[in-house]
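Once you've looked at the hints, dock chains B and C against the given chain A.
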Amino acid sequence: MKSFLTLLAALLALCALGFLLGSYESDVYRKLLLWIALGLSFNFLFGISGQVAFSHFVFLGFGAYWVAISLVHWDLPLAVAIASGLLVAAVAAAMIAIPSTRLEGPYLALATLALGQLFLLGIASGRDLTGGDSGLGGYSLPPILGFTVKGPWYTACIVLMLGLTYVILDRLDRSSFGRACRAIRDNQTAAQAMGINAPRTKVIAFTITSVLASLAGIFYAFVDNLVAPGAFSLESMFILLFMVIVGGTGRQLGAIIGVVVLYMAPFFIEPLIGHYHFMAFGALVVILIIYKPNGLVSMFDPILKRRRMAALEKAQL
Amino acid sequence: MMFSLNLSIATSTAALGLLAAAGGAQSQETIKVGVLVDQTGKTSFYSQPVTEGTLMAVEEVNAAGGVLGRQIELILEDDNGRPDLSATKARKLVDDGVVAIISNSNSGATRQAISVTAESLTPQLASANSAETLTTLDNSCFFQLGPVESLQVKTMLAFTKTKGYGKVALVGDNSGLSTAAVDQFRMGLGEAGVPIVEEQLIPVGSQTAVPQLQKVRAAEPNAIYQVAQIGPQVVQFFQAYQQLGMKQPILGTFNLSSSSYLTTAKGLMDGTVFTDAFDPEKPEAIAFSERFKAKFDKEATSLEAYGHDSVVLIVDAIKRANSTERPAICKAIAETKGLPRVMGAKGTGFDFSRGDRRGFDPEGVVVRAIENNAYTGAVFSGTKN
Amino acid sequence: MQDFFELIVSGFASGCLYSLMGLSFLLVMRPTGVVNFAVGQYAMLGGFAAVAVMTTILIPPIALPYVPGLLVVLALMALLGAAVEWIAVKPLVDRGAPPVASMLSLLGVLIVLLEVGARFGGTEALPTEPPFGFRRVEFGPFAGTPQSLFTIAVTLVIFAAVWLFFERTLWGRAFEAVSLDRRAAQLMGVNLRLVTVSAFASSAVVAGLVGVLISGTTGAYYQVGMALTVQGFTALVVGGVGRVDGALLGGVLLGLLEALVMRYLPVSSSMTLAVPLVVLLAFLVLRPHGLLANRGGH
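Chains as they are written, first to last, in my numbering: chain A, 1 to 317; chain B, 318 to 702; chain C, 703 to 1000.
A couple of the hints might just be wrong.
Computed footprint of chain A on chain C; a stretch qualifies when at least three of its residues, placed anywhere within it, have a C-beta under 8 angstroms from a C-beta of chain A [stated by the list, open to error]: (1) 801-812; (2) 979-988.
Listed next, the in silico DSSO-like pairs over lysine-lysine satisfying Cα-Cα at most 30 angstroms (straight line) [unchecked claim]: (3) B:663 - B:478; (4) B:478 - B:701; (5) B:409 - A:150; (6) A:31 - B:409; (7) B:610 - B:349; (8) B:532 - B:480; (9) B:610 - B:636; (10) B:583 - B:532; (11) B:532 - B:564; (12) A:292 - C:792; (13) B:615 - B:663; (14) A:31 - B:349.
FYI, nobody ran anything at the bench for these hints, they're computed from the structure.
Glycine included, C-beta positions come from ideal geometry on N, C-alpha and C.
Only chain A is shown next, with the shape it has when bound in the complex:
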């Protein structure tokens, strides 16, 4: 109950912040919220389930393009567009996961990387359907139950989506499914010996996280009212991977910290070092993997631990 109230308060605070920002800041803010949602689901896929998959942005892009194409070309009602998008994403994810999760480490990485390149090629040569290189635009969020949702109210919708993503992943992580995922990540042979169905667990983890990425994509589609291939490039995928590694692989809080730090960093360091922030990210990742493999979040561990101990003592008294 207490954790539920904390979450509710946090979401309300995030919504409230949306009402205080100017148009440029709220644009930056919305994209930050979307990155956090993506960071959380990718953390589950890569950090908790141990799958080095570069397909996360494919699903983000799929969700975004599906809803945009549904509105522009197919004239579907919004609810149908969203529901069908999630359904198709789930089927596609499962179909991709069944063969690809058999692949290990670098092979899965390269297979999903190839998938990402194919997706971009498909978009680029989709002519009028996808708008090619310059993207598909000229649509906007249809009225929902008669209300035109815009400005900070749309930001609130994104906060809601983020909250949903967080709750789903948090529940999964704490369940026996989450423990199975971690067991497979750490030692698949041992996990299978304990009776865990590794292939099934991996496929489910891949499918759920991919659908969550598509959900984020659907919300992304109305941030700029444009979907363009540049946003779903391999470069973005690398940044997402780096965010999770920098924050702390395998921990929700780590993913959030990593996303916030790397997303906000360019705004502060670009005036100082120009366009070298991406290079700096690469270097930071190398340094952290070597010297702080548990990420930035591990720096807070002593504090968290102390608080937990204090709470425990209090409970015992």
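Here is chains B and C on its own, set in the frame of chain A:
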């Protein structure tokens, strides 16, 4: 090369900042003008030189006392050539209070920035974009200064009218610029009744264009339209053309006027003709090239001239409006007539008074040739033959 | 038929580049088990380094003749490869971290190299003068450019040398021993450090050579890296991971397939780039051990 370019932009920005600061201290505030530029993305190699021209023009205006007694302050934002980032950066510029935005990035990025400038009706000027439909979007204060693609087809068709090219082939690449241009060329050739016997594109990142050009060769066209290719694809096109011993005339577009191809496809392009928006023998162009050379110690290309002309247009508009309010500037630009500019054929200038916000003179596109690995002046201009 | 013979030459030449990229992967994978996705960026940097030392376009403004220029570039690449190993891999191996940690840290390196290349060389394609020019050469029914023949010749020489090295020299045997069992090899007196460093250095040299060869045709370009990484890895997967001859076979087959699909199948030409991707996915799913069987180990 790119290294020195970055440096020179950095130093001129710094110099500009100083100038602006000094001006602001003495008199009133500066007039803020935003610039969207691709400094780090795929299209930076043409976006940067365009911006260099913009910077130089503003320095010149400021050195001559500014406009309405105030200095112009340019605020540069890098959009990485990405439409989504371009929208964000346009928003930032609007929030910063710029009186207008100069778009020096690619067409896709410009298009998305329009959705932002439309909200506040901020005047937006696209220096070099050639995309056809930008002015059909919401912002009635958006103005396009470069020659649209359909104008290039019309000019090339007029030039080749007497040459009897009964059937032609189109070769582009899969960049946004080229695919959009190929669409327009297909349409323009269709309207003129010239059959297209083969259409190929060279994908960005491929190692060779031999298979594509073999297909073109097999279709036996009388001439090949090489449409808006950029970077390595241009080089691959000409290499494969040589390797396959092809002889058909090549009809290119304004992209070929980037002098770097004289190095990257050295000696391979001789005999090619292409449409361009720049006539090096136009008096305004000669004067511009001299000033550019004196300042940067290198030859100006059409790219810098595009960026230069945006400033000419906006300064003229602010003067005539005698105001820095966005709607007043917008109105003044729309009334611009007969304003001389560096780009375009001799005797042509800015003219928005026809009610078309694509301000490039319909008779302003020229045809140039490449001979002995060097560009010639205009060998033809306009759409009448 | 003329088209077919021209395609054989041009597809073979492209395929040779993929084979070399596959070899670059393999040289590190065999002894260390690490997959280094940054090899494509080595090729990109090799191209820009060639432009830097062989032309006056980039700093330094000196224009060395082809052979000394090539040697300088390859020496730089060897240093780069060794430095990457020392900075990004050695600390992890010392700590006993799994190979996936090295793979991730090399992804960080990949981005650093990509950005260094883009800042140093810019975003435009820059050329080097190909040593033998672009004219058309015909021999029997075949036709190509001197550059394509040069690429093929260089590749065959490299593969012959690598094969001889592994099969016929004591050093090559040491590599082989390490690839079979690191600890046993160490006990047998093989210097693990030396083997690892030379593996990374030679991998960078081979990829850098690809960059130099490409700079003479399509130019040195900041975005070539990722495509070459995929093509090289695909060559390896097609031929059979772990075998030197597999890399050569896989690369050449891929190059030929790409050219023939492009020319004779009625697909949109933008789909050329999809060929290696589809081939890679198909092989990973259907025949993960490639055409040639894996020779044990691992």
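Against the structure, the hints:
Counting residues of the region 801-812 of chain C whose beta carbon lies closer than 8 angstroms to any beta carbon of chain A gives 10, which reaches the threshold of three, so the coverage claim holds. Counting residues of the region 979-988 of chain C whose C-beta sits closer than 8 angstroms to any C-beta of chain A gives 6, which meets the bar of three, so the coverage hint holds. For the suggested pair residue 663 of chain B and residue 478 of chain B, the alpha carbons sit about 22 angstroms apart, so the restraint of at most 30 angstroms is met. Among the hinted pairs, residue 478 of chain B with residue 701 of chain B is consistent with the structure: their alpha-carbon atoms are about 10 angstroms apart, no more than 30 angstroms.
Distance check on the hinted pair: residue 409 of chain B and residue 150 of chain A sit about 19 angstroms apart at the alpha-carbon level, within 30 angstroms; holds. Using a Cα cut-off of 30 angstroms, the hinted pair residue 31 of chain A and residue 409 of chain B holds, with the two alpha carbons roughly 14 angstroms apart. Our distance criterion of 30 angstroms between C-alpha atoms is met by residue 610 of chain B and residue 349 of chain B, whose separation comes to about 27 angstroms. Pair hint residue 532 of chain B plus residue 480 of chain B holds up; C-alpha atoms about 23 angstroms apart against a cutoff of 30 angstroms.
About 28 angstroms separates the Cα atoms of residue 610 of chain B and residue 636 of chain B, which keeps this hinted pair within 30 angstroms; it holds. Distance restraint check for residue 583 of chain B and residue 532 of chain B: the Cα-Cα separation of roughly 25 angstroms lies within the 30 angstroms cut-off, and the hinted pair is therefore satisfied. Between residue 532 of chain B and residue 564 of chain B the alpha-carbon distance is near 14 angstroms, which keeps this suggested pair within the 30 angstroms criterion. Proposed proximity of residue 292 of chain A and residue 792 of chain C is supported: the alpha carbons are some 15 angstroms apart, at most 30 angstroms.
For the suggested pair residue 615 of chain B and residue 663 of chain B, the alpha carbons sit about 23 angstroms apart, so the restraint of at most 30 angstroms is met. The straight-line distance between the Cα atoms of residue 31 of chain A and residue 349 of chain B is roughly 27 angstroms, inside the 30 angstroms bound, and the hint therefore holds.
In the structure shown, no violation is registered for any of the earlier numbered hints.
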